[in-house]
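Engineer: Position chain B against the provided structure of chain A, taking the given hints into account.
There are 2 protein chains.
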Amino acid sequence: MALEQLSVNKVFDGQLFKYKFKSAALAGLDAQFNLFLPANASNGGKVPLLTYLSGLTCTEDNAAQKGNFFGAAAKEGIALLFPDTSPRGAGIEGETDSWDFGVGAGFYLNATNPKWSKHYNMLTHITLELPQTLEAAGLPIDLTRQSIFGHSMGGHGALTFYLNSIFSGTKQYRSVSAFAPISNPINCPWGQKAFNGYLQGGVEEAKDRYDATELIKKLGKAPVHILIDYGTGDNFYKSGQLLPENFLKAARDAGYDEVQVRVRAQEGYDHSYYFMSTFGADHVHFHANFLKA
Amino acid sequence: MALEQLSVNKVFDGQLFKYKFKSAALAGLDAQFNLFLPANASNGGKVPLLTYLSGLTCTEDNAAQKGNFFGAAAKEGIALLFPDTSPRGAGIEGETDSWDFGVGAGFYLNATNPKWSKHYNMLTHITLELPQTLEAAGLPIDLTRQSIFGHSMGGHGALTFYLNSIFSGTKQYRSVSAFAPISNPINCPWGQKAFNGYLQGGVEEAKDRYDATELIKKLGKAPVHILIDYGTGDNFYKSGQLLPENFLKAARDAGYDEVQVRVRAQEGYDHSYYFMSTFGADHVHFHANFLKA
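Taken in order, these protein sequences are the chains called A and B. Each residue of the first sequence is one higher than the one before, counting from 1 in this note's numbering. Each residue of the second sequence is one higher than the one before, counting from 1 in this note's numbering.
Rather than coming from a laboratory, the hints here were simulated on the basis of the structure. Note that this is a predicted model, so its numbers are computed, not measured. Misleading hints may appear alongside valid ones.
Sample of chain A residues lacking proximity to chain B, with all beta carbon distances greater than 12 Å (derived) [said to hold, decoys possible]: (1) V11; (2) A27; (3) F36; (4) N40; (5) K46; (6) A64; (7) K66; (8) L143; (9) F167; (10) C188; (11) G201; (12) K207; (13) G240.
With a Cα cut of at most 25 Å, we get these calculated SDA-like pairs of lysine to any residue [stated by the list, open to error]: (14) K18(A) to N62(B); (15) K75(A) to S272(B); (16) K75(A) to A90(B); (17) K46(A) to E267(B); (18) K118(B) to L139(B); (19) K18(A) to K238(B); (20) K20(B) to K171(A); (21) K75(A) to H285(B); (22) K75(A) to K20(B); (23) K115(B) to E76(B); (24) K75(B) to H285(A); (25) K18(A) to E267(B); (26) K18(B) to T232(A); (27) K207(A) to K217(A); (28) K171(A) to A222(A); (29) K18(A) to T232(B); (30) K18(B) to G91(B); (31) K292(A) to N43(A).
Virtual Cβ for every residue (Gly too), placed ideally from N, Cα, C.
Extracted from the complex, chain A is given alone in its bound form:
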């Protein structure tokens, strides 16, 4: 898993690296990611890691360029990891036919449908392989201090990775946040399409593992740190792809108060990076509370 450095840009006194490596989780395909290291990471110390998961159609670049996270991450001394959103170049029939399935739309799961299961394993790629790869490369990351956030499909990924890490007891992530997350994918068209495609058992198989609203019902009262923002002007919200109210209701029914699960309806904001950039620094500071505790 040797890393090949493709580029480096100085930003907010830190450095943004773009790397490529042969991913075992993705069956040997090349995988790329961006990694921001704040200036304090070059002083010999290790820094916490905040992983950002992008939405449908994105690559590792979109949020690095438009998310407005680096100023806050530099100030807090936190590294940011931007993985890609799917395998690239698997060559599976039909994988580039849709913008919401296949390439650019890996949905942060491990596929079980044989057609997809060899390559489409973004769950393993992001939660296990990437941290191990950073560590093996000797990068100054403290893997005992990780949090995760994301946008839309990436918000779904962040929430489910986080909730599963609590449920399983690994507690890989200290906190999670999301912009306009797909909060209840078993009940929306994007999620149903993805699950019915990638999973042998379809939506039914997804219910216990890949649906944030279902997962939060099962946590008992395990402490959580969750922040969600969505815009009331978001057309995907309006058309029922996001369903944050379902997640909020499930969280409240499970006994979580607004300190542990905070869901904010942001008046008039849409699904774009303009929305995310507005609250980007706020989310980084939210995670810093836990990453630096």
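Structural biologist: This is chain B only, laid out in the frame that chain A set:
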């Protein structure tokens, strides 16, 4: 010059509008621009206008998405105008052959070469037509409070618009700043190609009107407010396209101290939006000193 609104996005509690209109300055071609209005602009008051000029190959979108200006502009209560970088659709032979000439590379001048002079009039389009268009549309902009900034070719545009407005006495802009500006275009390949193409008199014709280093020599001691940042890791700086030292020397020789003309070499930064986003808020706050004075 009726404006057609193409889109609107809420960002940092303000609104980013994309407009289209038939531009007389560009001989009737459609022109697009983005306009950010801070939240205080909707309270009936007029707000100052800070115009941002993009670099080669860009449209009105790049810096709106990646520049990291909105947070600071929202806080300061300043509108931001993002024009395009050239006419689009003139259909002039060869206008799309180069990335550094023609479409996407209007160089912020009025062409005098007959082949280009009908359409390539970005000087008039940006300094006169756009402000008049905003005013005619009843947008809450105070045109008596304008400043300007830009990147690379746009830094050249901003500096020359500003210096010419002092030289001519119109004083349209209160302050100017630039990221990695083409500071002495008559002496660099980009500038020479543009001037020899767009101007009947070539580089010689440009010397008095379109070269910031030449212009600052002629101001006498008229007060100026100029801030320039460039990165020492910028490959275009290293290859002699930017020449900020020439501008700095001309300014110092003309008697301007570092309060009036501040040129900062930023260690290790490159030519990208990562560089610009790092110092974007700083530039907006610089202009606010004068726009809100």
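Engineer: Take the hints in turn and mark each one as holding or not.
Structural biologist: Hint check:
The claim that V11(A) is not at the interface with chain B is violated, since a C-beta of that chain comes within 12 Å of its own (minimum 4 Å). Every CB of chain B lies more than 12 Å from the CB of A27(A), the least distance being 32 Å, so the non-interface label holds. With 12 Å as the threshold on Cβ separation, the claim that F36(A) sits away from chain B is violated: the shortest Cβ distance comes to roughly 10 Å. The claim that N40(A) is not at the interface with chain B holds, since no C-beta of that chain comes within 12 Å of its own (minimum 16 Å).
No beta-carbon of chain B is positioned within 12 Å of the beta-carbon of K46(A); the least distance is around 22 Å. A cut-off of 12 Å between C-beta atoms contradicts the statement that A64(A) is not in contact with chain B; the least separation is 8 Å. Against chain B, the non-interface label of K66(A) is violated: not every CB pair exceeds 12 Å, the least being about 5 Å. For L143(A), the requirement that its beta carbon stay farther than 12 Å from each beta carbon of chain B is met, with the minimum near 26 Å.
Every C-beta of chain B lies more than 12 Å from that of F167(A), the closest at about 36 Å, which supports listing it as non-interface. No beta-carbon of chain B comes within 12 Å of the beta-carbon of C188(A); the shortest separation is about 23 Å. Residue placement check: G201(A) keeps its beta carbon more than 12 Å from all beta carbons of chain B (closest about 39 Å). Taking the minimum C-beta to C-beta distance to chain B, about 35 Å, the non-interface status of K207(A) holds against the 12 Å cut.
The beta carbon of G240(A) sits about 21 Å from the closest Cβ of chain B, which is more than 12 Å, so the claim that it is off the interface holds. A C-alpha spacing of about 21 Å is found between K18(A) and N62(B), which places the hinted pair at or below 25 Å, so the restraint holds. In summary, the hint linking K75(A) to S272(B) is supported, as the alpha carbons are separated by about 21 Å, within the 25 Å threshold. For the hint pairing K75(A) with A90(B), the CA-to-CA distance comes to about 47 Å; that exceeds 25 Å, so the pair is violated.
Taken as a hint, the K46(A) and E267(B) pair is honoured in the structure, with Cα atoms around 24 Å apart against an allowance of 25 Å. In summary, the hint linking K118(B) to L139(B) is not supported, as the alpha carbons are separated by about 29 Å, beyond the 25 Å threshold. About 23 Å separates the Cα atoms of K18(A) and K238(B), which keeps this hinted pair within 25 Å; it holds. Between K20(B) and K171(A) the CA atoms are separated by roughly 51 Å; this puts the pair beyond 25 Å, and the hint is violated.
Distance hint between K75(A) and H285(B) is fulfilled; the C-alpha atoms sit about 19 Å from each other, no more than 25 Å. Straight-line distance between C-alpha atoms of K75(A) and K20(B) comes to about 39 Å, which puts the hinted pair past the 25 Å bound. For the hint pairing K115(B) with E76(B), the CA-to-CA distance comes to about 43 Å; that exceeds 25 Å, so the pair is violated. As the CA atoms of K75(B) and H285(A) are separated by approximately 19 Å, the hinted pair is consistent with the 25 Å bound.
For the hint linking K18(A) to E267(B), the alpha-carbon distance of about 20 Å falls within 25 Å, and the restraint holds. With a C-alpha separation of about 20 Å, the suggested pair K18(B) and T232(A) falls inside the 25 Å cut-off, and the hint holds. Proximity of K207(A) to K217(A) is assessed by CA-CA distance (about 11 Å); at most 25 Å being required, the pair is judged to hold. For the given pair, K171(A) sits about 11 Å from A222(A) by alpha-carbon distance, which is consistent with the 25 Å threshold.
For the hint linking K18(A) to T232(B), the alpha-carbon distance of about 20 Å falls within 25 Å, and the restraint holds. Taking the CA atoms of K18(B) and G91(B), the gap is about 24 Å. The hint holds against a cut of 25 Å. A threshold of 25 Å between alpha carbons decides the hint, and for K292(A) with N43(A) the separation of about 17 Å falls inside it, so the pair holds.
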